[in-house]
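Asker: Here the protein sequences line up with chains A and B, keeping their order.
Per full-length UniProt numbering, the first sequence starts with residue 1, numbered consecutively.
Per full-length UniProt numbering, the second sequence starts with residue 1, numbered consecutively.
If you're looking for bench data, these hints aren't it; they were derived computationally from the structure.
There may be inaccurate statements among the hints.
Claimed, not checked - Cut-off 35 Å, straight-line C-alpha distance, at most; resulting in silico cross-link-like pairs (DSBU-like, lysine-lysine):
no. : chain 1 : residue 1 : chain 2 : residue 2
1   : B       : 418       : A       : 52
2   : A       : 172       : B       : 172
3   : A       : 284       : B       : 419
4   : A       : 172       : B       : 244
5   : B       : 172       : A       : 244
6   : A       : 244       : A       : 418
7   : B       : 172       : B       : 244
8   : B       : 92        : B       : 244
9   : A       : 316       : A       : 419
10  : A       : 316       : A       : 242
11  : B       : 316       : A       : 172
12  : B       : 316       : A       : 316
13  : A       : 284       : A       : 418
These numbers come from a predicted model, not from an experiment.
Number of protein chains: 2
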Amino acid sequence: MPAETQAQQTAIDHLEHLNQALDSGLFVHVREMLHHMAPADIAHILESSPPKTRQILWQLVDHAHSGEILEELGEDMKDQLISLMSPTHLAKVTAGMDTDDLAYVLRSLPDSLYRQVLQSMSVQDRTRVEQALSYPDDTAGSLMNTDTVTIRPDVNIDVVLRYLRQRGELPKATDTLYVVDHQDCLLGGVTLAQLLTYSSSTGIISIMNRQLESIPVTMTDSEVAKLFERHDWLSAPVVDDKGKLLGRITIDDVVDVIREDAEHSLMGMAGMDDAEDTFGPVLKSAGRRSLWLSLNLLTALLAASVSNLFEGTLEKFATVAILMTIVPSMGGVAGNQTLVLVIRGIALGHLGQRNTRWLIVKELLIGVLNGLLWAGLIFIAVWLWKHDVTLGLLIAGAMLVNLTAAGLAGAVIPILLKKLHIDPALAGGMVLTTVTDVVGLFAFLGLATLFLGH
Amino acid sequence: MPAETQAQQTAIDHLEHLNQALDSGLFVHVREMLHHMAPADIAHILESSPPKTRQILWQLVDHAHSGEILEELGEDMKDQLISLMSPTHLAKVTAGMDTDDLAYVLRSLPDSLYRQVLQSMSVQDRTRVEQALSYPDDTAGSLMNTDTVTIRPDVNIDVVLRYLRQRGELPKATDTLYVVDHQDCLLGGVTLAQLLTYSSSTGIISIMNRQLESIPVTMTDSEVAKLFERHDWLSAPVVDDKGKLLGRITIDDVVDVIREDAEHSLMGMAGMDDAEDTFGPVLKSAGRRSLWLSLNLLTALLAASVSNLFEGTLEKFATVAILMTIVPSMGGVAGNQTLVLVIRGIALGHLGQRNTRWLIVKELLIGVLNGLLWAGLIFIAVWLWKHDVTLGLLIAGAMLVNLTAAGLAGAVIPILLKKLHIDPALAGGMVLTTVTDVVGLFAFLGLATLFLGH
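Bound conformation, chain A alone (with noise of 0.2 Å):
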């Protein structure tokens, strides 16, 4: 595609450019580049670099922008900058963001700095952000900004077009003012385009929406970003348990959600931290990687003591060592398929009580359908192959029972690890590959055990 090769040359080119003039040493030149670049184009830059053209990039940026930029980037190379400012130039940084960007970058400072950028803000913004922080992670509290513009029930149109242009300028991504009474509580919604379509002598009153819908403070993300997808919200009220207006989400920041969310699974299915960064050093991913690796490492042998159980068959016959290894491996991705489907499904909100079951049963009717074609074609590979018809048989019955018990595993386990309050994209492969494992070489092993003779 023209358009995507063009799109894309430009942050290349960018890159290329920036590369060439930090090599000759020219870094007034790439002072200049930065300069006319936009603070996400600058993010993309940073998050395109090894580690040292990092460091010297970050410090050739117009520190006007610096906080614009730190909007911008992943968690992990946010804490990795941020590491590398003083105080002061924290607190000069952080004066322009955002509530929500603002919260985040405090968050993650430990106690000391924290206190010494927040003594360097001016009053207004400690006050904003201390109340942001009161609200935990991964909530509706923690999303929102609180820039509402809020306007009062018993005027017309004509008096808030005034007081419009007499504030001056919105906050970016407002598209509507919310209407509260004296006690801040939540009333309505008028749109923007309410507010230029109607005559300018309509009370607000009559055109406000009162059927808007709000969203609660203690709301998860995830929940939130749902509500905007399946309504198309641009934005949304946040009020209290009582209805007051606290601040509001922008569908910029729900697009952030969604995109880490989905990054989370992903990542998560492999082991991995959302927050990896693709460029951290070296050390620090390896130390990441080791967890989930000694997790499988301990799946693996747990494996290999079964095997272990059925040494003596192993001992006799070479084939079925040589064998073994396939009844496991299509159990695991025939498990994974199931898996990555409930996932997807509790992801989405769909996944009740009643479907559950039926989602069960569907699944592990594949697990029959997928284990009957399988063990024929295993069969017909291993006479082709070995020329041994019982051993044909006892691996297509190995098939047959593992790719069953592949189905009902992919179903049950991310929703067992959800009543259990554990990520499912987190441990459920992890769990998953355990089962089929080992429920594939007890099968094989034993039925050759039982038929193959001592």
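Based on these hints, arrange chain B on the given structure of chain A.
Answerer: Positioned in the frame of chain A, the structure of chain B alone reads:
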């Protein structure tokens, strides 16, 4: 979290109530309940229901809302329900749809039905949709709507306000009016917020954003999504290669693209189609998953044929057979971690020519480090278990070789696949497992054959 429970409860409550009413045959009651629900919520309930319930529900849905419900559904479900509808019904339903959704529905129809539906439409709708159909799927053209509101540069805000009041309601998610010349070429944009905050005598030409970025109609939808994410846009104008305004893309459609791309990666890694319907029919699901399982069978047979080369060793040493699954398993997990990281890097557009080499070296180094670590640990484990130093050293050597190969393969495979225009998220895992299985078995069985004597 109480908030999450509450929101999910509502959806599941609805479902339970509906199911009870369906079971008791109270169809009038079900129809009444559906009548009071938002289209997005009905879509959610349809997606959460097994096939039979789904068909009954669809027949009970208010025909006036079927179009809106269709817009909210996943592709697989959309196709299922469309196949249940008559051409006249389809034509009626599609009359009120957004251009992009309408084009989708028509694209999925068989040729004869397509003509019938098109003929039952009004001339205006037909022209509109025929244009939308002329753009390839997965491009900005297929994503855009033609409901732009345009103004001329040579008027002032007062004129625009009078025009808007006369015009009435604005298309949903309108945040910007587009300024065009007599040839409909895009000159810039004026936001609703600007219209509300500037004095009414201000000329459009003096406040319009001339730097407004526009999207070429041929750009891929993933590229469009990246631009929206990076710049926090709510909407963006779409132009042809001469700069003529063709339509606009809104963030709600972009959110769907982001969600679909994410699901595509997640489901693709397990060899599933992202359109896969969680509650779809058993036979169809089983069939769809077979391709992946057949590829895996070939991989497993290839691995078995590697073991077969070392039949002599396996015959003499059953312990080798017992331990031989450990090294491939560790290689698979370690390689998959690198693979997922690199696939994400490619998806985010982070990988250029220069940093790719850096990344491959980094992942190779992590492979060596991991290799040394797990070689040490497996040596200890095997030594404690089997009291055999030689065997411990052999498996440790194989582990080092395979984890190094896994790091290298995990980084190189997705980059190579991308160059060959094969989706790395889809094919990467299978290719990687083949490499780590074959290298792992070759290394361990090869070393065992060399050093354990014949």
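Asker: If a hint holds in the structure, say so; if it doesn't, say that too.
Answerer: Hints, one by one, checked against the model:
1. B/418 / A/52: At roughly 27 Å apart (the allowed maximum being 35 Å), residue 52 of chain A and residue 418 of chain B satisfy the hint.
2. A/172 / B/172: Holds. Residue 172 of chain A to residue 172 of chain B sits at ~18 Å (cutoff 35 Å).
3. A/284 / B/419: 30 Å, holds
4. A/172 / B/244: Distance of about 27 Å is within 35 Å: holds.
5. B/172 / A/244: Within the cut-off at roughly 27 Å; holds.
6. A/244 / A/418: Holds - the C-alpha atoms of residue 418 of chain A and residue 244 of chain A are around 33 Å apart, at most 35 Å.
7. B/172 / B/244: 22 Å, holds
8. B/92 / B/244: Since the Cα atoms of residue 92 of chain B and residue 244 of chain B sit roughly 32 Å apart, the hinted pair holds (cutoff 35 Å).
9. A/316 / A/419: Judged against 35 Å, a Cα distance of about 45 Å means the pair is violated.
10. A/316 / A/242: 75 Å, violated
11. B/316 / A/172: 74 Å, violated
12. B/316 / A/316: Since the Cα atoms of residue 316 of chain B and residue 316 of chain A sit roughly 9 Å apart, the hinted pair holds (cutoff 35 Å).
13. A/284 / A/418: Holds, at roughly 30 Å.
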